[in-house]
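**Q** One-letter residues, chain by chain:
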Amino acid sequence: MAKPFKDIFRDVLLAGAEASRLSATQLVRELQDASPYWDGYFANEWVVRQGAVDVPAVIKGAEPSPEPQARDITYATVPEPKREGNAFVYTIGNQMEYRATAMDLVPGRNAEGNKRNYVPKGWFETYNQGGEQLRVMQQATNRAFRALGFR
Amino acid sequence: MTLQAIRRFYEAPLITAYGALTPAVPVYVDNQPLPDTTSLSEYVLLRLSFGLTTEPTIANSYDWHRGSLVIEVYSAKGVGPGRGQTLIQTAINTLTAMNATQGAAVNSVRGSIGSIVGPSFFALEGTPHYLTRMSTAFQARYTA
Numbered sequence: 001m002a003k004p005f006k007d008i009f010r011d012v013l014l015a016g017a018e019a020s021r022l023s024a025t026q027l028v029r030e031l032q033d034a035s036p037y038w039d040g041y042f043a044n045e046w047v048v049r050q051g052a053v054d055v056p057a058v059i060k061g062a063e064p065s066p067e068p069q070a071r072d073i074t075y076a077t078v079p080e081p082k083r084e085g086n087a088f089v090y091t092i093g094n095q096m097e098y099r100a101t102a103m104d105l106v107p108g109r110n111a112e113g114n115k116r117n118y119v120p121k122g123w124f125e126t127y128n129q130g131g132e133q134l135r136v137m138q139q140a141t142n143r144a145f146r147a148l149g150f151r
Numbered sequence: 001m002t003l004q005a006i007r008r009f010y011e012a013p014l015i016t017a018y019g020a021l022t023p024a025v026p027v028y029v030d031n032q033p034l035p036d037t038t039s040l041s042e043y044v045l046l047r048l049s050f051g052l053t054t055e056p057t058i059a060n061s062y063d064w065h066r067g068s069l070v071i072e073v074y075s076a077k078g079v080g081p082g083r084g085q086t087l088i089q090t091a092i093n094t095l096t097a098m099n100a101t102q103g104a105a106v107n108s109v110r111g112s113i114g115s116i117v118g119p120s121f122f123a124l125e126g127t128p129h130y131l132t133r134m135s136t137a138f139q140a141r142y143t144a
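As given, the protein sequences belong to chains A and B, one line each in that order.
Counting with our numbering, you get residues 1 to 151 for the letters of the first sequence.
Counting with our numbering, you get residues 1 to 144 for the letters of the second sequence.
It is possible that some hints are incorrect.
[As the list claims (entries may be wrong)] Interface residues of chain A toward chain B, partial, derived using beta-carbon atoms under 8 Å:
(1) E80
(2) K121
(3) Q129
(4) G131
(5) E132
(6) R135
[As the list claims (entries may be wrong)] From chain A, some residues computed to sit far from chain B (all C-beta separations above 12 Å):
(7) L13
(8) G61
(9) A62
(10) A70
(11) L105
(12) P107
(13) G108
(14) Y118
[Said to hold, decoys possible] Pair by pair, the computed Cβ-Cβ distance ranges are:
(15) P26/B <-> L148/A: 50 to 60 Å
(16) R10/A <-> G80/B: 29 to 39 Å
(17) S120/B <-> E84/A: 21 to 31 Å
(18) P56/B <-> D11/A: 26 to 36 Å
(19) N93/B <-> T101/A: 24 to 34 Å
(20) A12/B <-> A62/A: 40 to 50 Å
(21) K77/B <-> R10/A: 53 to 63 Å
(22) L21/B <-> F150/A: 33 to 43 Å
Please keep in mind that the hints were generated in silico from the structure rather than gathered at the bench.
In this text the structure is predicted, and so the values were computed from the model without any measurement.
No residue lacks a Cβ here, since even glycine has one placed at the ideal position from N, Cα and C.
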């Protein structure tokens, strides 16, 4: 059935909020799954915050680092969407002090040494720029709008 | 040849551009033996990674290669960022020029780059080098 015109603006707003929430949920899960995993700190310290905020790198890893562990990931919780101007904004970040190294933004991660949980070099940028991020956002937007009856 | 042609599409112009500098700056790509880097005054690392490589449709899926290209310039540490910036500018100019010709296939590849992220700068510990780094998304199609 066709929507009354007065409902469309409200529904677009609702769909925008839901698309943002679904995107943030899926993105942080996929980042956690794709993350290098040694003792579990890095993969488990991804967080999702409301709005455009800084995620400080304040958590130190275990010292000395233990042997590589089997993957055991607790997915980050996603807060309710928060409207900023015309958009619903989330910030996804990692809280580990060594996050830039773990994300291969600076050299130093010894990927080859971790045979149990090997993650290829450049995993973060490949995820972000290789189409995966866009795929998640497209799927989330489709789901959110279709749930409200848009075709 | 699809993947190799696409890799070549992005890597070859960069290798040529750095080779044309005076003095020429050596470029190393993925899975290429790297000499003792402390003996090199300057060098460049290219890392090309594929992300999504097909696009499914109702009937079938077609090739559409997307990925990331990371360029790391290693120059002398302790002399400011100028040299690193000059060298990374060579990559930025070379890659930006690709977008101006994306309508024409080169070796059966049509490709373009996305936004350039960086350059960012790092004074590395334990090496004599200063790192200047940029990355960009790419998308390409093999047309043969």
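**Q** It remains to establish, for every hint, whether it holds in the given structure.
**A** Here's how the hints hold up against the structure:
Contact between E80/A and chain B, as hinted, is not supported at the beta carbon level, the nearest pair being about 30 Å apart and thus beyond 8 Å. At about 7 Å, the closest approach between the beta carbon of K121/A and any beta carbon in chain B falls short of 8 Å, and the interface hint on this residue holds. The interface hint given for Q129/A holds, since its Cβ lies 4 Å from the closest Cβ of chain B, which is under the 8 Å cut-off. The restraint placing G131/A at the interface with chain B holds, with a minimum CB-CB distance near 3 Å, inside the 8 Å limit.
Here the hint on E132/A is kept, as its CB sits about 6 Å from the closest CB of chain B, short of 8 Å. Because the beta carbon of R135/A sits about 7 Å from the nearest beta carbon in chain B, less than 8 Å, this interface hint is met. A cut-off of 12 Å between C-beta atoms confirms that L13/A is not in contact with chain B; the least separation is 28 Å. Every beta carbon of chain B lies more than 12 Å from that of G61/A, the smallest distance being close to 17 Å; the non-interface claim holds.
Look at A62/A: its CB is around 21 Å from the nearest CB on chain B, clear of 12 Å, so calling it non-interface holds up. Residue-level check passed: A70/A sits 26 Å from the nearest beta carbon of chain B, beyond 12 Å. Listed as a non-interface residue, L105/A fails to keep its Cβ farther than 12 Å from every Cβ of chain B; the least gap is roughly 7 Å. Consistency note on P107/A: stated as away from chain B, yet its beta-carbon is not over 12 Å from all of that chain's, at 7 Å minimum.
For G108/A, the requirement that its beta carbon stay farther than 12 Å from each beta carbon of chain B is not met, with the minimum near 8 Å. Consistency note on Y118/A: stated as away from chain B, and its beta-carbon is indeed over 12 Å from all of that chain's, at 15 Å minimum. The hinted window of 50 to 60 Å between P26/B and L148/A holds, with their beta carbons roughly 56 Å apart. Taken as a hint, the range 29 to 39 Å is violated for the pair R10/A and G80/B, whose Cβ atoms sit roughly 55 Å apart.
A hinted range of 21 to 31 Å holds for the C-beta pair S120/B and E84/A, which are about 26 Å apart. Between P56/B and D11/A the beta carbons are some 29 Å apart, a value that agrees with the proposed interval 26 to 36 Å. Take N93/B and T101/A: their Cβ atoms lie about 29 Å apart, and the range 24 to 34 Å holds. With their beta carbons about 44 Å apart, A12/B and A62/A fall inside the hinted range of 40 to 50 Å.
For K77/B and R10/A, the hinted distance range of 53 to 63 Å is satisfied, since their beta carbons lie about 57 Å from each other. Separation of L21/B from F150/A is about 54 Å and departs from the stated range, judged on CB atoms against 33 to 43 Å.
Checked against the numbered hints given earlier, this structure breaks hints 1, 11, 12, 13, 16, 22; the rest are met.
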